[in-house]
Amino acid sequence: GESVGLHLPTLSVQEGDNSIINCAYSNSASDYFIWYKQESGKGPQFIIDIRSNMDKRQGQRVTVLLNKTVKHLSLQIAATQPGDSAVYFCAEGRYKAAGNKLTFGGGTRVLVKP
Amino acid sequence: GAVVSQHPSWVICKSGTSVKIECRSLDFQATTMFWYRQFPKQSLMLMATSNEGSKATYEQGVEKDKFLINHASLTLSTLTVTSAHPEDSSFYICSASPGWGNTDTQYFGPGTRLTVL
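Each protein sequence line maps, in turn, to chains A and B.
Quick note on numbering: this note's numbering labels position 60 of the first sequence as 60, and the sequence is numbered without any gaps.
Every number in this note's numbering is 1000 more than the matching position in the second sequence, counting from 1.
Take the hints with a grain of salt, since some may be wrong.
Which bits of chain A does chain B cover? Going by a derived footprint, with three or more residues having C-beta under 8 Å, they are [unchecked claim]:
hint, stretch
1, 37–43
2, 102–114
Taking lysine to aspartate or glutamate pairs in the EDC-like style, the calculated list, with each CA pair at most 20 Å apart, reads [said to hold, decoys possible]:
hint, chain 1, residue 1, chain 2, residue 2
3, A, 101, B, 1063
4, B, 1041, A, 84
5, B, 1064, B, 1087
6, B, 1066, B, 1088
7, B, 1055, B, 1022
8, A, 101, B, 1059
9, B, 1020, B, 1065
10, B, 1064, B, 1088
11, A, 71, A, 49
12, A, 113, A, 84
13, B, 1041, A, 39
14, A, 42, B, 1088
15, B, 1020, B, 1087
16, A, 101, B, 1052
17, B, 1020, B, 1088
18, A, 42, B, 1022
19, A, 68, A, 55
20, B, 1064, B, 1052
21, B, 1041, B, 1087
22, B, 1066, B, 1087
23, A, 113, A, 39
Some residues of chain A that are not near chain B, with every Cβ distance over 12 Å (derived) [said to hold, decoys possible]:
hint, residue
24, 11
25, 22
26, 61
27, 62
28, 70
29, 72
30, 76
31, 78
32, 82
In short, the hints are calculated from the structure, not lab data.
Glycine residues also receive a C-beta, built at the ideal position from the N, C-alpha and C atoms.
So here's chain A without its partners, still in its complex pose (with noise of 0.2 Å):
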């Protein structure tokens, strides 16, 4: 069936450099995808998200960039900090069908060494 699915399970990065976390998608119906960080024992918190009729899409310190050619989502996190280590999860979405459901990737580690 359509998955989206992460390329890297894991991902070192030196405080203070920047994070590339990358995305692959199968369903080219999707109309929104969404970025989500989870800290160990907690709940999945919203970062950032981006409909399809966009390629780019900035926030706090973090930019979404969305390769419909290629079906490919990265989540870039400028000057990464200790704080930013989590589990990363790309999930992509259809308006109004299917229930509203959303389909997660399998999620990146993300450990920033000091």
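Let chain A serve as the given structure and place chain B on it in line with the hints.
Leaving out everything else, chain B in the frame of chain A:
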């Protein structure tokens, strides 16, 4: 804004007992709530979707008689794990969607750790 709470945050129970988990949207009305389970080092797996006042829609492979979902109001949904067994031990997470804008973003609760002895 968009805060979702869960209660309890963790629970330990004996095999064969039932456990109820509550999910509340604190500062918005949730037209739809979702229940997920997550095993260690794995992604979230959607169990069911519930809309206020109607029956929940379960994902394939999820036993509706074992995982009872009630969405009594626009701010409260409950998941009851009936006759729990050790294999039901997991991290259960709910989310709520306020239906703002077009993205139908889901906001997640902090999760409930269930351990069945």
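Hint-by-hint comparison with the structure:
no.: 1; hint: 37–43; result: holds (count 3)
no.: 2; hint: 102–114; result: holds (count 5)
no.: 3; hint: A/101 <-> B/1063; result: 19 Å, holds
no.: 4; hint: B/1041 <-> A/84; result: 18 Å, holds
no.: 5; hint: B/1064 <-> B/1087; result: 16 Å, holds
no.: 6; hint: B/1066 <-> B/1088; result: 10 Å, holds
no.: 7; hint: B/1055 <-> B/1022; result: 17 Å, holds
no.: 8; hint: A/101 <-> B/1059; result: 11 Å, holds
no.: 9; hint: B/1020 <-> B/1065; result: 14 Å, holds
no.: 10; hint: B/1064 <-> B/1088; result: 14 Å, holds
no.: 11; hint: A/71 <-> A/49; result: 15 Å, holds
no.: 12; hint: A/113 <-> A/84; result: 11 Å, holds
no.: 13; hint: B/1041 <-> A/39; result: 12 Å, holds
no.: 14; hint: A/42 <-> B/1088; result: 19 Å, holds
no.: 15; hint: B/1020 <-> B/1087; result: 17 Å, holds
no.: 16; hint: A/101 <-> B/1052; result: 16 Å, holds
no.: 17; hint: B/1020 <-> B/1088; result: 13 Å, holds
no.: 18; hint: A/42 <-> B/1022; result: 16 Å, holds
no.: 19; hint: A/68 <-> A/55; result: 8 Å, holds
no.: 20; hint: B/1064 <-> B/1052; result: 17 Å, holds
no.: 21; hint: B/1041 <-> B/1087; result: 16 Å, holds
no.: 22; hint: B/1066 <-> B/1087; result: 12 Å, holds
no.: 23; hint: A/113 <-> A/39; result: 16 Å, holds
no.: 24; hint: 11; result: 15 Å, holds
no.: 25; hint: 22; result: 15 Å, holds
no.: 26; hint: 61; result: 19 Å, holds
no.: 27; hint: 62; result: 15 Å, holds
no.: 28; hint: 70; result: 22 Å, holds
no.: 29; hint: 72; result: 18 Å, holds
no.: 30; hint: 76; result: 20 Å, holds
no.: 31; hint: 78; result: 23 Å, holds
no.: 32; hint: 82; result: 21 Å, holds
In the structure shown, no violation is registered for any of the earlier numbered hints.
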